[in-house]
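Protein chains: 2
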Amino acid sequence: MRVVIPVFEGLTVLDAIGPYEVLRMVPGAEVVFAADAAGPVRAHSGTPVLLPDALLADVDACDVLVVPGGPGARSRTRDAALSATLRRLSAGAEWTTSVCTGALLLGAAGLLTGLRATTHWSAVDQLEAYGATYTPERVVFQGRTVTAAGVSAGIDMALALVGRIAGRTRAEAIQLAIEYDPQPPFDAGSPAKAPQAAKDLLA
Amino acid sequence: MRVVIPVFEGLTVLDAIGPYEVLRMVPGAEVVFAADAAGPVRAHSGTPVLLPDALLADVDACDVLVVPGGPGARSRTRDAALSATLRRLSAGAEWTTSVCTGALLLGAAGLLTGLRATTHWSAVDQLEAYGATYTPERVVFQGRTVTAAGVSAGIDMALALVGRIAGRTRAEAIQLAIEYDPQPPFDAGSPAKAPQAAKDLLA
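These protein sequences, in sequence, are chains A and B.
Quick note on full-length UniProt numbering: the first sequence kicks off at 1 and runs consecutively.
Quick note on full-length UniProt numbering: the second sequence kicks off at 1 and runs consecutively.
Only chain A is shown next, with the shape it has when bound in the complex (with noise of 0.2 Å):
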C-alpha cells in the first residue's frame, strides 16, 4: 500500500503527520511525502523543514493519497499543475483524502464537485465555492473520498480509514500503538464549543 502525501511551503505539519503515523503501521505501507520542485518544504510557521522523499512528477501511482492543507494550500488552489497532479493520482488511487484546507486543493482539482465534504471551520466558503457541499462532521466518506475537518481531524479519519482498509482489529492496535486516547484539558476545539473570547483572539 503505497500513501503519497504531497507536501508543500506552508503547509500545516500536523496535517500530513497525523494521518502518517496512522498509515504507516499499516502493514506493508510505503509513506511518500512528494513535492513539486526538488529542496527543502517549509512549513507555514518557518520550521520545522522537511525534505521530501519524491518528486510528485516521479509518483506513478498510490493507493492512498493525503492532501494536507495550512496557508500555503489555499494559495496553490490556483496551481493548474499542480491540480492535475492530484487529479492523476487520485484517478489511480483507491483512496484520495484530504485534511483541513486540503479539502480546497482537492475542490480546485474538481474532485469535490457535488460531493458532500469537511474542511478546516474557517475554509468552508471557499470549499462550497468549489461545488462541494460543506457537511460539519470531523470526518466525512463519500465513496472513495474523504474529507476531513481542520488540523487534528487527520488523525480521526486515518484511523477510520484503517478500518476500511485492514479492519477495525488493526486501527485498533494503531490507536494503541499512538496511545490515542483524547484528553483536552479544554473543550474549545469547535466554533460551536469554544468561548467567545477565544474566538476573539483568532479574529
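Hints listed in this document are in silico derivations from the structure and should not be mistaken for laboratory results.
Keep in mind that this is a model prediction, so the values were computed, not measured.
Any given hint could be a false lead.
To be verified - Stretch-level coverage of chain A by chain B, calculated; a stretch enters the list once three of its residues show a Cβ under 8 Å from a Cβ in chain B: (1) 13 to 19; (2) 39 to 50; (3) 146 to 156; (4) 164 to 177.
To be verified - Take a look, some chain B residues computed to stay more than 12 Å from chain A by CB distance: (5) Ser75; (6) Thr77; (7) Asp79; (8) Ser83; (9) Glu94; (10) Gln126.
Even for Gly, the Cβ is constructed at its ideal location relative to N, Cα and C.
Using the hints, position chain B against chain A.
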C-alpha cells in the same frame, strides 16, 4: 518564548509535531528543531526526513524544552553527551517536557529522579528504572517538569502547558485553530481500553 525540540534519528515524528503545532501559536513563540549533528534526520519509519534548524550545541538556552520519543529515543538513553545537553537546557528552561518515550531521555539525564511521570504504556519499567514513579495519567505536571503519555498525548500536554504559560483563553483559541475536537472512531487508545485482539497485533 523559545521552544527547543531535540530531534534525532529514529524519532516518532508526531511526538514532536503535536506539541509544535500547539506551542508555535503562542504569541512570540519561536520553535527550534535542533539535532546533535548537522544534516537530515530520518524518522524511525524511514520517512519523513526533517532538516533541523540548529545544532543542539549551538542552542544556548530555551524557555520550553520538548523531548520527543520513538525507538530512536530508547537507544539514545545511553548517550552521555545527549544527557548532558538535556541537563544543560533543562537547567535554564522554565519548562522541561517530554512526549512518549522522550521521558526515558529525561530519565537517563537524571531529570525525573523522585518525580511522578508518565510515558508510553510500553516503557513503564524503563521509566521507573530511572527513579521516577510511573503515573498512569495522560499528562503529569511536577513543578516545572511535564511528561505526556504516548505519541498523541503531546497535543494534550501542549494545550495544558499553554494554559499555564499564556492562560486558558489562549489555549482554547489554539485548540480551536487546530480544530482539536477529537472523535476517535474506536475506543482503543490505552491498554485498559483496547481489546485483546488489538493488543495481540502489537505483541
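Hints and how they fare:
With 5 residues bearing a CB less than 8 Å from a CB of chain B, the stretch 13 to 19 of chain A meets the requirement of three and the coverage assertion stands. For the stretch 39 to 50 of chain A, the stated coverage by chain B holds: 6 residues have a C-beta nearer than 8 Å to a C-beta of that chain, and at least 3 were required. Given as covered by chain B, the stretch 146 to 156 of chain A passes the check, having 7 residues with a CB less than 8 Å from a CB of that chain where 3 are the minimum. Coverage of the stretch 164 to 177 of chain A by chain B holds in this model, with 9 residues showing a Cβ closer than 8 Å to a Cβ of that chain against a need of three.
Its beta-carbon lying about 18 Å from the closest one in chain A, serine 75/B satisfies the requirement of being farther than 12 Å from that chain. Annotated as non-interface, threonine 77/B keeps its C-beta farther than 12 Å from every C-beta of chain A; the closest such distance is 20 Å. In this structure aspartate 79/B is separated from chain A by more than 12 Å, as the shortest Cβ-Cβ distance comes to about 22 Å. Listed as outside the interface, serine 83/B is consistent with that label: its C-beta sits roughly 24 Å from the nearest C-beta of chain A, beyond the 12 Å cut-off.
Residue-level check passed: glutamate 94/B sits 19 Å from the nearest beta carbon of chain A, beyond 12 Å. Distance check on glutamine 126/B: its Cβ is at least 16 Å (rounded) from any Cβ of chain A, clearing the 12 Å threshold; non-interface status holds.
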